[in-house]
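J.: Input sequences plus hints: build the corresponding full structure.
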Amino acid sequence: DAGVIQSPRHEVTEMGQEVTLRCKPISGHNSLFWYRQTMMRGLELLIYFNNNVPIDDSGMPEDRFSAKMPNASFSTLKIQPSEPRDSAVYFCASSRRDSSYNEQFFGPGTRLTVL
Amino acid sequence: RKEVEQDPGPFNVPEGATVAFNCTYSNSASQSFFWYRQDCRKEPKLLMSVYSSGNEDGRFTAQLNRASQYISLLIRDSKLSDSATYLCVVNGEGTGFQKLVFGTGTRLLVSP
Chain D
1 DAGVIQSPRH EVTEMGQEVT LRCKPISGHN SLFWYRQTMM RGLELLIYFN
51 NNVPIDDSGM PEDRFSAKMP NASFSTLKIQ PSEPRDSAVY FCASSRRDSS
101 YNEQFFGPGT RLTVL
Chain E
116 RKEVEQDPGP FNVPEGATVA FNCTYSNSAS QSFFWYRQDC RKEPKLLMSV
166 YSSGNEDGRF TAQLNRASQY ISLLIRDSKL SDSATYLCVV NGEGTGFQKL
216 VFGTGTRLLV SP
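Chain order of the listed sequences is D and E.
Using my numbering, you'd call the opening residue of the first sequence number 1 and step up by one each time.
Using my numbering, you'd call the opening residue of the second sequence number 116 and step up by one each time.
Some hints here could point you the wrong way.
[Unchecked claim] Cut-off 30 Å, straight-line C-alpha distance, at most; resulting in silico cross-link-like pairs (DSSO-like, lysine-lysine):
no., chain 1, residue 1, chain 2, residue 2
1, E, K157, E, K194
2, D, K24, E, K160
3, D, K68, E, K194
4, D, K78, E, K117
5, D, K78, E, K160
Hints are computed from structural coordinates only; laboratory data are not their basis.
T.: What follows is the structure in structure tokens.
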């Protein structure tokens, strides 16, 4: 079975550039989560969707970050303009909202470096 | 105060040893508790859920103490392959308790 798919796996860009991260959740999962992981702050939830609708974006750091989920099989996280402090690993995770314990399955992550 | 606090370690143990990790959480309304495992440069993966009565999965035992708001993970007969970072996770506030709050992890190194 295909797990959560993320692309690109690695991204190196210069400050001020737009960055778009992509995620394909596991088929049949109706919840999708975007996380950011850094050494200093650990794993932080940025935003999550239920049935393609954003439910909680309180973790989005600022207006430079935006996320969309146009359909059940695709989501994007965009940073515009990017800054060096955005360098981190960005994970996408999905789950079945009706499961008893809400296990979240993570993708392999996108390692972003902003120079 | 962080919502979930863990000792970052590292815990260095020899093969065959028993090792225990604890974590504390601040939200008394939390309903779901988990341990996730994360290998170096990999994604987190669910190791086990933690139930009020405690639960065991092979060499791994998880305990929950609601009164004191802490969760523990015990690993018996450590293997080299157990070397990883162990993330304590509780659900935060949100629709259907979907929001998960992750601790920063405890690093375990098992040596021959």
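J.: Look at each hint and say if it fits the structure.
T.: Results for each hint:
no.	hint	in the structure
1	E:K157 / E:K194	holds, 19 Å
2	D:K24 / E:K160	holds, 17 Å
3	D:K68 / E:K194	violated, 42 Å
4	D:K78 / E:K117	holds, 28 Å
5	D:K78 / E:K160	holds, 25 Å
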